[in-house]
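Residue numbers (this note's numbering), protein chains in the order written: chain A, 1 to 116; chain B, 1 to 118.
Honestly, the hints are just simulated from the structure, not real lab data. It cannot be assumed that every hint is accurate.
[Said to hold, decoys possible] In silico lysine-lysine, DSS-like type, Cα no more than 25 Å apart, as pairs:
hint : chain 1 : residue 1 : chain 2 : residue 2
1    : B       : K41       : A       : K3
2    : A       : K38       : B       : K41
3    : B       : K20       : B       : K64
4    : A       : K70       : A       : K16
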Amino acid sequence: AQKVTQAQTEISVVEKEDVTLDCVYETRDTTYYLFWYKQPPSGELVFLIRRNSFDEQNEISGRYSWNFQKSTSSFNFTITASQVVDSAVYFCALSGPPDSWGKLQFGAGTQVVVTP
Amino acid sequence: GAVVSQHPSRVICKSGTSVKIECRSLDFQATTMFWYRQFPKQSLMLMATSNEGSKATYEQGVEKDKFLINHASLTLSTLTVTSAHPEDSSFYICSARVRDRPPNNEQFFGPGTRLTVL
Numbered sequence: 001a002q003k004v005t006q007a008q009t010e011i012s013v014v015e016k017e018d019v020t021l022d023c024v025y026e027t028r029d030t031t032y033y034l035f036w037y038k039q040p041p042s043g044e045l046v047f048l049i050r051r052n053s054f055d056e057q058n059e060i061s062g063r064y065s066w067n068f069q070k071s072t073s074s075f076n077f078t079i080t081a082s083q084v085v086d087s088a089v090y091f092c093a094l095s096g097p098p099d100s101w102g103k104l105q106f107g108a109g110t111q112v113v114v115t116p
Numbered sequence: 001g002a003v004v005s006q007h008p009s010r011v012i013c014k015s016g017t018s019v020k021i022e023c024r025s026l027d028f029q030a031t032t033m034f035w036y037r038q039f040p041k042q043s044l045m046l047m048a049t050s051n052e053g054s055k056a057t058y059e060q061g062v063e064k065d066k067f068l069i070n071h072a073s074l075t076l077s078t079l080t081v082t083s084a085h086p087e088d089s090s091f092y093i094c095s096a097r098v099r100d101r102p103p104n105n106e107q108f109f110g111p112g113t114r115l116t117v118l
């Protein structure tokens, strides 16, 4: 069975501080995908990144960066120099091999609160 | 990216009535769509997988007779909540997989439908 754990329920920071969101996953599949989504108060999910299990390269996109480590089954997400607009709930999600693509197992989410 | 729409965005109904929610892929064909439910302050839970031209596949614990899914075309899936009760009040989100683009496992989420049952 697949499982995604986001142990941090809420993180509060002051603007310009860095924020790191933890994500630990469990799966027996050798092929899988990991995702991060942002959900602002409006409710709409905003796609941030997709990473497959064979690509352990870390990635940086603007103020966002991701650290994927298969050895520890973790896919952590860092927001550098946070801004008030980053306030949202962030979900880590896991998808299995091709026959189950699209079926996402979401973590519980981490609420990020950025204050001016 | 591809666009997925949902209609209505918000609906309030009386207990016992049925509510239909539409999920449309606007600029691509989606052989498979997925329906998720999100209760307040909780995560998204997959309810069912909707396949064009065939019966939906429901996740364990989801009542198929209560949540009717019809995937009538490659661009439209509907979720009907039958005899809705207050405990069905939730945020319903659909997603659509892009046809013929499995290698990247791309899917796109709709904006969600907030259902309130009085």
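Numbered hints the structure breaks, given as an ascending list: 4
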